[in-house]
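*Asks:* So the sequence lines, in the order shown, correspond to chains P and X. Residue 252 is where the first sequence ends in numbering that gives the first Met the number 0, and the numbering goes up by one at each step. Residue 67 is where the second sequence ends in numbering that gives the first Met the number 0, and the numbering goes up by one at each step.
Take these hints with a grain of salt, some might be off.
Claimed, not checked - Straight-line C-alpha distance at most 30 Å; calculated DSSO-like pairs for lysine-lysine: (1) LYS28(X) / LYS1(X); (2) LYS65(X) / LYS9(X); (3) LYS1(X) / LYS65(X); (4) LYS9(X) / LYS28(X); (5) LYS1(X) / LYS24(P); (6) LYS28(X) / LYS24(P).
By construction, these hints were calculated from the structure, which means they are not laboratory data.
Next come the chains, spelled out residue by residue.
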Amino acid sequence: MNLALPALVVFLLLLPGAVARSRIKLVERLSLDYSPLGQVVSETVAWAAALHALWLAGASLVFKQVLQADVLLRLLSAEPGAQTRALDTVAAQAPAVAAYGGSLLLAAYLVPALVRAAVMRWRLDRNGAPLRPLLRFHGAPWYYLLSGADFPAGEAPDFITVSAIVNIANQPFLFTGVLQHYYLDPSGQLDRLVLREAMRRPLSADKPLLPDADAAATPRFYPVDGDYFVLRYSDAITLNVEYITLTADTALA
Amino acid sequence: MKALMSQLAKDVLADPQAKGQLRAFLAAKSSRAVAANAAEAAAPTVIELRTASRTLRLLPRVVPSKSV
Chain P
0 MNLALPALVV
10 FLLLLPGAVA
20 RSRIKLVERL
30 SLDYSPLGQV
40 VSETVAWAAA
50 LHALWLAGAS
60 LVFKQVLQAD
70 VLLRLLSAEP
80 GAQTRALDTV
90 AAQAPAVAAY
100 GGSLLLAAYL
110 VPALVRAAVM
120 RWRLDRNGAP
130 LRPLLRFHGA
140 PWYYLLSGAD
150 FPAGEAPDFI
160 TVSAIVNIAN
170 QPFLFTGVLQ
180 HYYLDPSGQL
190 DRLVLREAMR
200 RPLSADKPLL
210 PDADAAATPR
220 FYPVDGDYFV
230 LRYSDAITLN
240 VEYITLTADT
250 ALA
Chain X
0 MKALMSQLAK
10 DVLADPQAKG
20 QLRAFLAAKS
30 SRAVAANAAE
40 AAAPTVIELR
50 TASRTLRLLP
60 RVVPSKSV
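Work out the full structure: start from the sequences and follow the hints.
*Replies:* Structure, rendered in structure tokens:
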């Protein structure tokens, strides 16, 4: 079997970068990464370079091992004799090379996920945060809208209400309720919303344009039976999102 | 994915009476906005949440989004 050794070496060198790039991102699209090729390549190379620089510095400081650039270049050369000599050198240091590659891959898998969790935990990516341009998950718009991730920690509302107009038998109805869960389809689009305390009314029973003293007292909604109401996003004509906070009423307490 | 919901909101949804008051708030908030625009604000909905030791009186209100 013929093996393109230089291509394999380049692949192995870039693999940690590709793993780290995919692990640090919060993306709502699962099927395909439609990022421009140039962006994918540049991000992968940047991540790989940073990880290798860190690991080489660590190996130099802790184990007094330095990169033998001549061996690496011979691995990438097209001359079979040079490749053989380089492979012999690598084989002589197989445990160290395996430990380097294995630990680097493990770190590329785990560390970005921890960084992502820290960004989400401390909301370093919210609007107004100093590091927002660097840390914002631009591939996850629904996360910011429906998880309240743009609110500073400690100022987050208590829950979200959703109102949607759905056409039923050629009559528009307004559904509203407390948002419990939301699900995305593989392309990253909102698929369905799970509501609690769902209510609905015909859109024709809208609030009056002019203030009416009795308007607030007249019930226009009627409850939807059941604990959870699943609203398919494809059925919604419009979607209204509101953030609700509950504050202790000190005047009445 | 889980939507934003605080423990306090979960407690409200777990209490039948508080849940009913929350539902009343949801149904009335748009009408109340009309009245508020006309400087005829109705009395705000109060949610009473009974805990083991005391009763919490909560005022629900809509807060502006921070997203751009």
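*Asks:* Confirm or reject each hint.
*Replies:* Hint by hint, here is what the structure shows:
Pair hint LYS28(X) plus LYS1(X) holds up; C-alpha atoms about 25 Å apart against a cutoff of 30 Å. The suggested pairing of LYS65(X) with LYS9(X) holds, with an alpha-carbon distance near 23 Å, which does not exceed 30 Å. As the CA atoms of LYS1(X) and LYS65(X) are separated by approximately 19 Å, the hinted pair is consistent with the 30 Å bound. Of the supplied pair hints, the one linking LYS9(X) and LYS28(X) holds, its CA atoms being roughly 20 Å apart against a limit of 30 Å.
This hinted pair checks out: LYS1(X) and LYS24(P) have alpha carbons roughly 18 Å apart, not beyond 30 Å. About 38 Å separates the Cα atoms of LYS28(X) and LYS24(P), which puts this hinted pair outside 30 Å; it is violated.
Of the numbered hints stated above, the single one contradicted by the structure is hint 6.
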